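Trainee: Here is how the chains run, residue by residue.
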Amino acid sequence: MENTDFNTNQQAETRNRIINAFIEHVLETGKPPVSVYKFAQSLGIPEEEFYSYFTSFQGVKGAVWDRIFDETYATMRAQEVYPSYSAKEKLLAFYYTWIEVLKKNRSYLLALYEGHADFKKVTPQEVRSFRLKFKNFAKGIIQEGKAEGEIVDRKYISDKYDEALWLETLFIFQFWLKDTSVSFEKTDVAIEKSVRLAFDLIGRTAVDSFVDLAKFLYQSK
Amino acid sequence: MSSSQPEQNHIPTSKVQRATKFIGTGAKVGGNYIKHYAKKMVNPSLSKEELHTSNAEDIYASLSELKGSALKVAQMMSMDKNILPRAYQDKFTMAQYSAPPLSYPLVVRTFQKSFGKAPEAMFDTFTTSAVNAASIGQVHKATKNGKTFAVKVQYPGVADSVTSDLRMVKPFAYRLLNMNEKEMDHYMEEVEEKLLEETDYKLEVKRSTEISQACSHIPHLNFPVYYPELSSERIITMDWLEGDHLKEWLETNPTQEARNQIGQALWDFYHHQVHNLRQVHADPHPGNFIVQDGVTLGVIDFGCVKEIPEDFYRGYFSLLKRNAHLNEAELDQIFFQLDFLSDLDSPEEQAYFKGVFKEMMLLLGQPFHTETFDFADDAYFNQIYALGDRVSRDKMFRNSRQARGSRHGLFVNRTYFGLYSLLNQLRAKINTTKPDWLK
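Chains as they are written, first to last, in the working numbering: chain A, 182 to 402; chain B, 3 to 441.
These are calculated hints, taken from the structure and not from any lab test.
Given the structure is predicted, the values throughout are model-derived calculations rather than measurements.
Beta carbons: idealized from backbone N, C-alpha and C, even for Gly.
It is possible that part of the hints are untrue.
[Unchecked claim] As a list, the in silico DSS-like pairs of lysine-lysine whose alpha-carbon atoms are at most 25 Å apart:
no.: 1; chain 1: A; residue 1: Lys359; chain 2: B; residue 2: Lys115
no.: 2; chain 1: B; residue 1: Lys436; chain 2: A; residue 2: Lys367
no.: 3; chain 1: B; residue 1: Lys119; chain 2: A; residue 2: Lys284
no.: 4; chain 1: B; residue 1: Lys431; chain 2: A; residue 2: Lys285
no.: 5; chain 1: B; residue 1: Lys115; chain 2: A; residue 2: Lys284
no.: 6; chain 1: A; residue 1: Lys367; chain 2: B; residue 2: Lys146
no.: 7; chain 1: B; residue 1: Lys431; chain 2: A; residue 2: Lys374
[Stated by the list, open to error] Heads up, incomplete: computed chain A residues facing chain B, CB under 7 Å, no partners named:
no.: 8; residue: Glu261
no.: 9; residue: Tyr263
no.: 10; residue: Leu273
no.: 11; residue: Ala274
no.: 12; residue: Glu366
no.: 13; residue: Asp369
Please work from the sequences and hints to get the whole structure.
Mentor: Spelled out as structure tokens, the structure:
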């Protein structure tokens, strides 16, 4: 996404400045700025310029999530062993790298998301782009898993696997927010166990064999 | 280190699951009470003993499915009180955290947390799957510059689960052992301390290095070299020892001579630790030893090390002395000092327990009474079990709510119990050395 055009370069810079200033504001005060007007003022830009980058603070928050995903993805891909991982291991690697990146932003995330009763209701707007990116990644993994026989193709249901993995991602995030164990060891355990469960469910299970047998019996009647 | 623990799928791993397991047990125990009182209405002469037996069975059955620290506690408590029926003993010697293996990404993460590097960056090769399960971690094989290493990686969250496991097992242990809370806590502290120590891999490296250096002169004994710079709180790197596990080796029908040699190395190892170093590898589990070429015994796990305090040492071992020339007063003093007896006992209880402990120490001390001892002698072991059975069935013992035996005794007993049974499995004839003052 390199761009040599001076204008876009500067635009990207201003955009980054806005994001950084937003994060800093949350870190310093524990909450988002009161209004775009005040926020733009403190940045020394006119309010309307803010809107040429983001329509609201929601958008800025989304951009932070985006950054988190991009950093996670890049760090994960940089691992030597990554290409040799199975689908399950790739997902694990993603989560482990992800919470490492989250850790760097923990105070910011805690300030914004701690104590939300229903996390799912708060986030859709802010994490839309993160979610899309994650689901793309998940789809890739699922395809790979299907090709390798790690994941079973089930009519109708297997189309929803990426959605299920997204729910797991939300679960892990919430678990991590509340985790107080030393160096978030419990989150490690939660990731390990939940991913194992997920793959146990989407892999070949007794139910598949049962359906298979039932189908056979029905057809051979 | 070539045999691997089969992956077990049905062990309840999460706290909730384990708790449910306990609730299940609670329900069963409750059920036993109902059954008991129902039976009692029909047959008023029915004793409580029978109830205890069925309770114990259900509790054991559920504990043995639990693994983890809960199981270790059960194992140690019962060993100490000698109430463990023989059938269960086999189950309990398997005490291990049989958690499912860690995924490789989590291993990588553990490395990154400890060293900021991936395993591949630290070694030339590194197996992505575990080659063996250790008690609270798993072992990977690695190579670097032509050397082979065993790298032990701890399961995350184990240290946390120790405390919660113990909290869960407590109420059942009270019931099972018929002890009151205060008495029991005195043991529990010791157990918790040891279990937490086991999760501290840095300490393990330090102790392993110390003990292996201090024991390096013992013939036919071999220790891996430990690498502190490649170890952390969660990771231990040591030399890879080639060889067979004790059980596998025994299946190859080694000669009596070879078995004696291994047994003797084992005996000498413990002799030196107990009598000279006063700290001892308190986990003589067959999985912690391997037999190498040249009939040498390799010691590979120093997770549990018990330091033996001087006053406990004197008291405990003077009881093992042959025809201990101790008069009643001296004997009493030792019994009180070791917490075998307490001021709360009635004179009747004191007399009874003195008798029991004398008999027990005489029996356990037998290998110390002669120059050589043949551990293949099953009759001797049956005598021990019979005594345990007899005592545990005795009303007097059942009804005593006192914890008996010093907390230090817990691990020292466990050590000797383990050592004896290893030597029995080896069917070895041992030159039972002892320090001069015990002769």
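Trainee: Each hint should be assessed against the structure and marked as holding or not.
Mentor: Structure-based check of all given hints:
1. Straight-line distance between C-alpha atoms of Lys359 of chain A and Lys115 of chain B comes to about 20 Å, which keeps the hinted pair within the 25 Å bound.
2. For the suggested pair Lys436 of chain B and Lys367 of chain A, the alpha carbons sit about 48 Å apart, so the restraint of at most 25 Å is broken.
3. The hinted pair formed by Lys119 of chain B and Lys284 of chain A meets the criterion: a straight-line CA distance of about 18 Å does not exceed 25 Å.
4. For the proposed pair Lys431 of chain B and Lys285 of chain A, the alpha carbon gap of about 62 Å is over 25 Å, so the pair is violated.
5. With a C-alpha separation of about 13 Å, the suggested pairing of Lys115 of chain B with Lys284 of chain A holds against the 25 Å cut-off.
6. A threshold of 25 Å between alpha carbons decides the hint, and for Lys367 of chain A with Lys146 of chain B the separation of about 32 Å lies outside it, so the pair is violated.
7. Distance hint between Lys431 of chain B and Lys374 of chain A is unfulfilled; the C-alpha atoms sit about 48 Å from each other, more than 25 Å.
8. Interface restraint check for Glu261 of chain A: the shortest CB-CB distance to chain B comes to about 6 Å, inside 7 Å, so the restraint holds.
9. For the restraint placing Tyr263 of chain A at the interface with chain B, the shortest Cβ-Cβ distance is roughly 9 Å, beyond the 7 Å limit, so the hint is violated.
10. Among the interface hints, the one on Leu273 of chain A holds; its C-beta lies about 4 Å from the nearest C-beta in chain B, closer than the 7 Å criterion.
11. Against a cut-off of 7 Å between C-beta atoms, the interface hint on Ala274 of chain A holds, since the closest Cβ of chain B lies about 4 Å away.
12. Restraint check, Glu366 of chain A versus chain B: the minimum CB separation of about 4 Å is within 7 Å; hint holds.
13. About 4 Å separates the beta-carbon of Asp369 of chain A from the nearest beta-carbon of chain B, less than 7 Å, and the hint is met.
Hint violations for this structure: numbers 2, 4, 6, 7 and 9, all remaining hints satisfied.
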